[in-house]
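Visitor: The residues making up each chain are set out below.
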Amino acid sequence: MNKIEEAKITKSKKKRRRLLFRSIILVILLAAVVFALVSNLNKDDPEIGVGDQAPNFKLKQLNGTSDSLSLDELKGKGVMLNFWATYCKPCEQEMPYMESLYPKYKDNIEIVAVSLDTTELVIDRFVDKYQLTFPILHDNKGQVLDLYNIVPLPTTLFIDEDGVIVDIVSGGLTLDRIESYLKKIQPD
Amino acid sequence: MKNIICKSCGYENQEGTVLCQHCGNPIEKNQHIDGNQNSQLLNMRYEGSARRSKTYNKSIVDKLWNFFSSVRVGVWLIAITLIASAAGTIFPQEMYIPPNVIAAEHYRDQYGIIGQIYYQLGFHNLYSSWWYMILIALIGISIIIASIDRVVPLYKALKMQKPKKSESFLKRQRLFGSTEQLSDEGKQNMISNLKKNRYKVTEDNGHVLAEKGRFSRWGPYVNHIGLIVFLLGCLLRFVPFMYIDDFVWVREGETVVIPSTDSLYYVENKDFILETYGDTEEDERFKEALDKQSGMVAKNFQTNAVIYENTAKSVVGEEPNLEMIKEDSIKVNHPIKFDGYALYQSSYQQDEFKSMSFKLHKTDDEQEESLGSFTIDLANPKDEYNLENGSRVVIDQYFPDYYLDEGEPRSETKYPRNPAFVFLVYPPGQEEPEISFAAIGRNVDASGENQFKLGLQGFDVRDVTGLSLRRDYTLPIISLGGIIFMIGVIQGMYWQHRRIWIHPKDQGIWISAHTNKNWFGIKKDIEKIIIDTNVNVVDQEEQQQKEQKEQKEQKEK
Chain V
109 MNKIEEAKIT KSKKKRRRLL FRSIILVILL AAVVFALVSN LNKDDPEIGV
159 GDQAPNFKLK QLNGTSDSLS LDELKGKGVM LNFWATYCKP CEQEMPYMES
209 LYPKYKDNIE IVAVSLDTTE LVIDRFVDKY QLTFPILHDN KGQVLDLYNI
259 VPLPTTLFID EDGVIVDIVS GGLTLDRIES YLKKIQPD
Chain Y
622 MKNIICKSCG YENQEGTVLC QHCGNPIEKN QHIDGNQNSQ LLNMRYEGSA
672 RRSKTYNKSI VDKLWNFFSS VRVGVWLIAI TLIASAAGTI FPQEMYIPPN
722 VIAAEHYRDQ YGIIGQIYYQ LGFHNLYSSW WYMILIALIG ISIIIASIDR
772 VVPLYKALKM QKPKKSESFL KRQRLFGSTE QLSDEGKQNM ISNLKKNRYK
822 VTEDNGHVLA EKGRFSRWGP YVNHIGLIVF LLGCLLRFVP FMYIDDFVWV
872 REGETVVIPS TDSLYYVENK DFILETYGDT EEDERFKEAL DKQSGMVAKN
922 FQTNAVIYEN TAKSVVGEEP NLEMIKEDSI KVNHPIKFDG YALYQSSYQQ
972 DEFKSMSFKL HKTDDEQEES LGSFTIDLAN PKDEYNLENG SRVVIDQYFP
1022 DYYLDEGEPR SETKYPRNPA FVFLVYPPGQ EEPEISFAAI GRNVDASGEN
1072 QFKLGLQGFD VRDVTGLSLR RDYTLPIISL GGIIFMIGVI QGMYWQHRRI
1122 WIHPKDQGIW ISAHTNKNWF GIKKDIEKII IDTNVNVVDQ EEQQQKEQKE
1172 QKEQKEK
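Protein chains in written order, with the working numbering: chain V, 109 to 296; chain Y, 622 to 1178.
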């Protein structure tokens, strides 16, 4: 009798061990598959997305009084970070909209436009043409572009006062849309 | 679940056992599993042990486990993957179509309605589609689980082999022989012959088991381990630390940040060199062959590069503090290597404009005598240039890549591919400028009344090199997987697991033999072992076939 019971106990132990072993193997394999699929899906996505902290950078400023500007200096203010170039038509179209909204929001929101042109000359001429007063930065090596993984121009990021990215918009914007985005990042 | 008691030797076998793990006696009720019931000979796969997948089927975990454990499921998965892989080769994948076309239109225009369906089903990116990856993953899971489920029982079965086997087991082996009379001496002779042929002999009460090449049975599993390591290596390519693949353009004289290195490394292009055959005197010997070719034959693509490390912990965009770490030439297949990265020569553009020189002369001067000249660095043009004669030239507009957009001059890109300028020329002592437009091969006087003209004096060009950045730590893992795979193949292919059983029967013996492959080889072995005895071993399978053939022929007669 004793022996049979003993055998039963060993058997149920064995069974439990087997179930545990199988479960662990299956979970590991499932995790590997999920990892592969998620990684593949995110392959083309920007590394920096909505909800992330906007990484800091420091670039030469081509207009205004200061020589350079870093993103960290703007903490406490909302930031509209616009990536553009003089040869890009939709960028050119939205510049006057940004300029027209700038005076109204400049106390709470900084509009920062990062140009990807090679030469300062073309940017200077462009700034003169449109009488731009918000800071124009020059990313001639494309480092900040690389940091933010920006592909199409223009791309605009809307960053709140804590440095968190609220919206990322690819392509040109209309006056109304810019204003609605600005309202979202306006500190209370 | 009940264990099965062997009727022949009384050993307690696990549920699902086909052949008693002790004496090999067929377990009556399980013969259907390996299809033994209709055959005179026994199927020896997995030693007739209980494959766990075929027995327990209780919880969801067990059900899932058994699904993947099935060889049939595995074969189906492989078949489906093969068909899918083949489908991906019907039309080119997206990465092989021209880069400047829209994929949706390209497939429709090139291949018609079938191409459009192909595109819409996502077959243009088949090998990185989620469902293709799931198929590969399922095969991987199937390999792992099926291996675990088979290698464990097989290992146990081979480990606890007993020399004494049931008569039914022995009689139903493919190679079987017997003799009614064999002296002790004769038997000892056989055993020493076995040892001479490098068999490992175990004896138990007159019963003999001789075995060799057992390790070849592990070949398929070693092989599977190799495959799993290989798949693991491929999986690790998704980890950015393990695998980096990027690209950078560098102009001659420029130093740029190398992408994907967190702005840590910079590369300078000192010179890009393109050599073609026929450039040097020693290439004379190729003259005949070269004449047959239309166009140039490239001999060398080379970038003389310097690698720098940014030692300043600076914010991105700030001026880096560069320290040279390596200077070398990059040639095709000869990358420059640093810190696990490798930069490969992979593309180039020649003759991009670097600078342009203009000279000022009187419009009506036919000799075009220079009144002063200046050179514009196209990467960094100045606002104004002061000439020798006191004139001032101001750049009003600069279009690096000039084109006319509905009559409006614009630049297509930022690269100086077709530079054009609008100049304001202030002659000495004059407040009002003259406006002129100058581009390569073009000089337009907007007003038609300009007294001075800016003529293109010359230009400098430079080359642009395209470098591929690679870091691949998965390669050693993938290679290791390949090596393990090969070892498994060799192990399973070049060795065979041969076993010979000698069973004392009355005054004589029975002899049976089994091998997992190469029956010819084991027959040769047996010939050497039974030499000088009156044992006669027959191949029962061949005999059966012969008999069937004869029966058939008789029927036909």
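Be careful, since some hints might not be right.
As a list, the in silico EDC-like pairs of lysine to aspartate or glutamate whose alpha-carbon atoms are at most 20 Å apart [unchecked claim]:
#	chain 1	residue 1	chain 2	residue 2
1	Y	1003	V	181
2	V	197	Y	1004
3	V	116	Y	896
4	V	237	Y	1004
5	Y	934	V	268
6	Y	1035	V	254
7	V	237	Y	1026
8	V	111	Y	633
9	V	249	Y	1026
10	V	168	V	181
Simulated coverage check for chain Y against chain V, where a stretch passes if three residues somewhere in it have a Cβ under 8 Å from a Cβ of chain V [as the list claims (entries may be wrong)]:
#	segment
11	679-690
12	771-780
13	868-882
14	997-1003
Here are a few chain Y residues that face chain V, going by a calculated C-beta distance under 10 Å [said to hold, decoys possible]:
#	residue
15	847
16	851
17	855
18	1039
19	1076
Keep in mind the hints are simulated off the structure, nothing from the lab. Computed from a predicted model, the values in this text were never measured in an experiment. Just so you know, even glycine gets a beta-carbon here, dropped at the ideal spot from N, CA and C.
Visitor: With reference to the structure, classify each hint as holding or not holding.
Guide: Now for the hints, and whether the structure bears them out:
no.	hint	in the structure
1	Y:1003 x V:181	violated, 31 Å
2	V:197 x Y:1004	violated, 24 Å
3	V:116 x Y:896	violated, 82 Å
4	V:237 x Y:1004	holds, 15 Å
5	Y:934 x V:268	violated, 26 Å
6	Y:1035 x V:254	holds, 17 Å
7	V:237 x Y:1026	holds, 18 Å
8	V:111 x Y:633	holds, 15 Å
9	V:249 x Y:1026	violated, 27 Å
10	V:168 x V:181	holds, 14 Å
11	679-690	holds (count 5)
12	771-780	violated (count 0)
13	868-882	holds (count 3)
14	997-1003	holds (count 5)
15	847	violated, 17 Å
16	851	violated, 14 Å
17	855	holds, 9 Å
18	1039	violated, 12 Å
19	1076	violated, 22 Å
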